[in-house]
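Sequences are here, hints too, so could you generate the full structure?
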Amino acid sequence: MMRSLAAALVAAVVSAAPLARAQERGIPPEQIRSGSEFLGADLRALQGDDFANPGMLWVERGEELWRELTGSGARSCAGCHGEAATSMRGVAARYPRIDPESGKLLNLEGRINACRVARQGAAPFGYESENLLSITAYVARQSRGTPLSASIDGEAKRHFDSGRAYYYERRGQMNLSCAHCHEANWGKRLLSETISQGHPNPYPVYRLEWQAMGSLERRLRACLSGIRAEMLPYGAPEYLDLELFLAWRARGLPLEAPGVRR
Amino acid sequence: MVARVQIPKEAKRGELIELRIVIQHPMETGYRHDEIGRLIKRNVITSLLCNLNGAEVFRAELSPGIAANPYLQFYTVAEASGEFEFSWIDDEGKRGSERQSIVVR
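As they're listed, the protein sequences go chains A and B.
Using our numbering, the first residue of the first sequence is number 1, and each one after it goes up by one.
Using our numbering, the first residue of the second sequence is number 1001, and each one after it goes up by one.
These aren't lab readings, by the way, just hints derived from the structure by calculation.
Wrong hints could be hidden among the right ones.
To be verified - Within a straight-line C-alpha distance of at most 20 Å, the following computed EDC-like cross-link-like pairs (lysine to aspartate or glutamate) qualify:
hint	chain 1	residue 1	chain 2	residue 2
1	A	K188	A	E37
2	B	K1009	A	E37
3	B	K1041	B	E1092
4	A	K104	A	E63
5	B	K1009	B	E1092
6	B	K1009	A	D49
So this is what it looks like as structure tokens:
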């Protein structure tokens, strides 16, 4: 009787352990590394060079969009927000976040489109369109170096929990979760690539494989395709929740947008 | 088509200067297919020219082996003040150009 009780207690303690750690990251804080540390010296140099970094082409286009009068009110972003270098400094590092007006979780792309519709009276930019990537890259660029600090309190907690569940859930024909590569096997080789920890701090990113700029959601879709899982449509709520979990998981890492990746 | 040019604003006469240009362009090879299997027509920047005050400084012939958003970097000796003009053309006949001036002392 005592023995079985002890065994049950041990079992209870063991099963409670993951719950107790629910607010901790799968990778210890001292081991958190940005994806740029897994790049070769050439790509790191390319990302660090504000002229040669191809993502800066989108940033430059984004600056034009920032100043462009648009929508029914013929307003520009700059008309309300002024100089992005000051007004947008550090902003991107706090996304995804709950929009206080609608109570919805928005990523930076969603925030920009919400502003376009509500304040400028303009049509939202299409997901993954050149314009949305450009303005997002421009806004994110203003926070380069700011540590990620998305909040998971209050209304965001529900989204965080669902994003976390998505992250650890096995899926696709390969039956892998995100954690199987990016927590259990980061730093090891997958064919010619080094597996990174999968942090969202350089997005939107110029990826050599794409030969173009792409959003975090595009990268998530590429990962899902890689494990032969179902790719959700752009803007799906599952992605937003996952983006929040990823931002929390990478908290403290400096924002690198526009990043350069393989 | 966004393009960015970087040259020094000032230079000493006889100094070696670095010129850099990056152009937003798909450099479509002509060998890729779209999502329903149609061949995507080749469209690459075929030639790029750099003039200083109308005189040719540098010329490049580009081909489908060059990645999207081509980046070129080259050097010249600063001899006279004036305006560098970069101009290029792609397979579709679209032209682009950027200008930037330099003061040589």
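Here is how each hint holds up against the structure:
1. K188(A) <-> E37(A): Status holds; Cα separation ~13 Å.
2. K1009(B) <-> E37(A): Measuring from Cα to Cα gives roughly 34 Å; hence the hint is violated.
3. K1041(B) <-> E1092(B): holds (10 Å)
4. K104(A) <-> E63(A): Violated: K104(A) and E63(A) sit about 27 Å apart, past 20 Å.
5. K1009(B) <-> E1092(B): Distance of about 33 Å is beyond 20 Å: violated.
6. K1009(B) <-> D49(A): holds (19 Å)
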